[in-house]
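Each residue of the sequence shown is one higher than the one before, counting from 9 in my numbering.
Note that these hints are calculated values from the structure, not bench results. This one's a predicted model, so the numbers in the text were calculated from it and none came from an experiment. Glycine is no exception: its CB is placed at the ideal position from the N, C-alpha and C atoms. There could be a bad hint or two in this list.
[Stated by the list, open to error] Straight-line C-alpha distance at most 20 Å; calculated PhoX-like pairs for lysine-lysine:
{"#": "1", "residue 1": "K29", "residue 2": "K89"}
{"#": "2", "residue 1": "K25", "residue 2": "K89"}
{"#": "3", "residue 1": "K215", "residue 2": "K163"}
{"#": "4", "residue 1": "K215", "residue 2": "K251"}
{"#": "5", "residue 1": "K197", "residue 2": "K227"}
{"#": "6", "residue 1": "K197", "residue 2": "K47"}
{"#": "7", "residue 1": "K214", "residue 2": "K163"}
{"#": "8", "residue 1": "K214", "residue 2": "K197"}
{"#": "9", "residue 1": "K108", "residue 2": "K163"}
{"#": "10", "residue 1": "K251", "residue 2": "K47"}
[As the list claims (entries may be wrong)] Label pairs and their calculated CB-CB ranges:
{"#": "11", "residue 1": "A162", "residue 2": "D229", "range": "43 to 51 Å"}
{"#": "12", "residue 1": "R158", "residue 2": "K197", "range": "32 to 40 Å"}
{"#": "13", "residue 1": "H114", "residue 2": "R241", "range": "36 to 44 Å"}
{"#": "14", "residue 1": "L21", "residue 2": "D154", "range": "29 to 37 Å"}
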Amino acid sequence: MNDVTTDDFLGGLVRLKQPNKGYRATSDSVLVAAAVRAKHGETILDVGTGTGVIPMCVNARVSGLRFTGIECQSDLVLLAKENAFVNHCDLMLIEADISKRPSPIHGVQFHHVVTNPPFYTEHGERVHPQEAIAYKQQMPLKDWLDFCLRHLRAKGSFTMIHRTESLPEILSILNGRLGALEVFPIEPKAGTPGKRVIIRGIMNSKKPLLVYPGLVMHKDDDSRTELAERIMRAGQGLDTLIKTS
């Protein structure tokens, strides 16, 4: 693939090749990567990995992790392999459509599963074919989440980002399967209704749901808040920021 750009993420901690036109990583992936609670030596599955931005961002924060990424678009898989090499990330790529069975990782479970799934349901949101696949919801959300949870080991953590309006559906799917659920609304500015929400939970936990105050990304002058800077440029994890806020 020749028509690509190389872009900096996390203030240059991550260098990512991605298509000049087509699917390009957004702040959603950086935000959900910051919410992944992982420790040295653990395994992480990224469902719908694209060019690998989530593994690269987590890898920049936590060393010694082993990643598996599933992606259905072959051109993005090739870029993800290049990105893993450049960023010294232990990432095994699997080119597969998760709606097909049996799964290429049938029976394999991970310490952590993370996903930024396709979530546009309306027509005409994206025009480039690569974007249409990456962003348009092709399979029911329940089926996507079922796949994710099948590959999560006992007491493992699941982390995702989605549209705020889908939160009731997501919680109903996860209810009884994940505990210690945490909801992090993403607010563009203070007091502004957010369009995104991060959801995190633990397999088989009995701890109750927690809903955090909104994570405010921008000040009134449109510059980033200190919290947003620490996530988007310094690559800090969400747990660290919660403890220090």
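*asked:* Need the status of pair K251, K47: alpha-carbon distance at most 20 Å?
replied: holds, 17 Å
*At the C-beta level, are R158 and K197 separated by a distance inside 32 to 40 Å?*
holds, 38 Å
*Between K214 and K197, does the CA-CA distance stay at or below 20 Å?*
Outside the cut-off at roughly 33 Å; violated.
*Verify the proposed pairing of K197 with K227, using a straight-line Cα cut of 20 Å.*
holds, 6 Å
*Cβ separation of L21 and D154, checked against the hinted range 29 to 37 Å*: The hint (29 to 37 Å, Cβ to Cβ) holds, given that L21 and D154 are roughly 34 Å apart.
*Could you see if the CB distance from H114 to R241 stays within 36 to 44 Å?*
Hint holds: Cβ distance 39 Å, inside 36 to 44 Å.
_Against the 20 Å threshold, does the CA-CA distance of K215 and K163 hold or violate the hint?_
OK: K215 and K163 at ~12 Å, within 20 Å.
*asked:* 43 to 51 Å was suggested as the range; check whether the CB atoms of A162 and D229 agree with it.
replied: Given a distance of about 47 Å, which is inside 43 to 51 Å, the answer is holds.
_Check the hint pairing K108 with K163 against an upper bound of 20 Å on the C-alpha distance._
violated, 27 Å
*Given the hinted pair K214 and K163, is their alpha-carbon gap at most 20 Å?*
holds, 11 Å
_Restraint status (C-alpha distance of K29 to K89 at most 20 Å)_ = holds, 19 Å
*Would you check the hint for K25 and K89, treating anything up to 20 Å between C-alpha atoms as holding?*
holds, 10 Å
Checked against the numbered hints listed earlier, the structure breaks hints 6, 8, 9; every other hint is satisfied.
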